[in-house]
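Chains G and U, in that order, are what the protein sequence lines are. Going left to right, the first sequence walks through residues 98 to 310 as my numbering numbers them. Going left to right, the second sequence walks through residues 98 to 310 as my numbering numbers them.
Each hint should be verified, as a subset may be incorrect.
Since copy identity is lost for identical chains, a pair holds within one copy or between any two.
[What the hints assert, rightly or not] With a straight-line cut-off of 35 Å between C-alpha atoms, the simulated DSBU-like cross-links for lysine-lysine are: (1) K201 x K131; (2) K307 x K250; (3) K110 x K201; (4) K110 x K250.
These are calculated hints, taken from the structure and not from any lab test.
2 protein chains.
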Amino acid sequence: MMIEHIKPNEIEKRSFEIITAELCERGIEIPEDKAFLIKRAIHTTADFDYAETLTFSPDAITIIASLIREGAIIVTDTNMGLSGINKTELAKYGGEVRCFMADKDVAEEAASRGVTRATVSMERAAKFDKKVIFAIGNAPTALIELRRMYDEKLYVPSFVIGVPVGFVNVEAAKDMIMETEIPYIINRGRKGGSNVAAAICNAVLYEMRKGNI
Amino acid sequence: MMIEHIKPNEIEKRSFEIITAELCERGIEIPEDKAFLIKRAIHTTADFDYAETLTFSPDAITIIASLIREGAIIVTDTNMGLSGINKTELAKYGGEVRCFMADKDVAEEAASRGVTRATVSMERAAKFDKKVIFAIGNAPTALIELRRMYDEKLYVPSFVIGVPVGFVNVEAAKDMIMETEIPYIINRGRKGGSNVAAAICNAVLYEMRKGNI
Chain G
98 MMIEHIKPNE IEKRSFEIIT AELCERGIEI PEDKAFLIKR AIHTTADFDY
148 AETLTFSPDA ITIIASLIRE GAIIVTDTNM GLSGINKTEL AKYGGEVRCF
198 MADKDVAEEA ASRGVTRATV SMERAAKFDK KVIFAIGNAP TALIELRRMY
248 DEKLYVPSFV IGVPVGFVNV EAAKDMIMET EIPYIINRGR KGGSNVAAAI
298 CNAVLYEMRK GNI
Chain U
98 MMIEHIKPNE IEKRSFEIIT AELCERGIEI PEDKAFLIKR AIHTTADFDY
148 AETLTFSPDA ITIIASLIRE GAIIVTDTNM GLSGINKTEL AKYGGEVRCF
198 MADKDVAEEA ASRGVTRATV SMERAAKFDK KVIFAIGNAP TALIELRRMY
248 DEKLYVPSFV IGVPVGFVNV EAAKDMIMET EIPYIINRGR KGGSNVAAAI
298 CNAVLYEMRK GNI
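Based on the sequences and whatever the hints tell you, model everything.
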């Protein structure tokens, strides 16, 4: 297989052209107003399944863009997710990304209570004064904890990007968020990941930069 | 869909049991000595394609474990990859993870030469006194640069984890490493990612901790 000679700054553009063409070849139609985001998830994973499983609550794109514009914080459930989000773009609106998963006291509290670190992390994030966008790419227990706080009327997340990956409780946890009134972008099924969570955040940030949303 | 009540420290074990069972149901046989690694890639992505596309040079597992045991450095092509690798485990052998992608002077040099930051990063990594395991989850240009240095007899990487993801030159770049004598673990095709690169490193580190390799 031959190398295609292409300038560094044109690689991403060319990738999106290929994705667009293949969606067409595969006969997959995606909503135009969400295409930038769905295509970026495919770009991040080379997995066209995302075109069929990414699910959006009503006006999800408008809502998340407004939250970012108001300076909302993004809370991730992995440091990989934190690492992948474009913090320079986010900072333009006064936002920042936080992750509590590696905090020593979070690990200690989780162990003593017999819960996951993600559960404890969500409780901490719920104490922020600012609005929070949760970008969950790993732990279904994070979503389960957000639902618990919602059910007990302790806390309502401003937005949930729910794309944990895996085999235990992942699909059920996603369903638990989709049953609520919380605005969300969720990838139905088992797939997802911290890379996908970051890609979704970045897709929104780049589309905001272009002035499209 | 119901939540399965399971202790936090048993979630991973249960996930691997499900993966093992589904591989069997799907009639996919994987080599026993590499099962720990292939299953971890599936665990990270919920994508069974990895069982069929992960490709190993002869004795790849033994070689990478020996390198880590000797204190080899791991160089990644994203900060997400760096973030995902278990640095505590690696430090037990004197190893560390490095990534040059976000260095300001790397970006400047890349722009002035019209190459990618990954290209410049690989050149910098090649100057280390220590042996280097390259864990490439994003940039095919990183693999292309490693091959160039190899062809020009400037440098031979000790090991390449080649799992960039994407649509432009990704498959060709993986082929370019597989044609050499460099020991490798490569995911054929378009799929991969920084999460997969980190998962492969961690699979090896955890198997070393168990004393299995």
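Do the hints match the structure? See the list:
no., hint, verdict
1, K201 x K131, "between (38 Å within a copy, 33 Å between copies)"
2, K307 x K250, "neither (37 Å within a copy, 44 Å between copies)"
3, K110 x K201, "between (42 Å within a copy, 24 Å between copies)"
4, K110 x K250, "between (45 Å within a copy, 33 Å between copies)"
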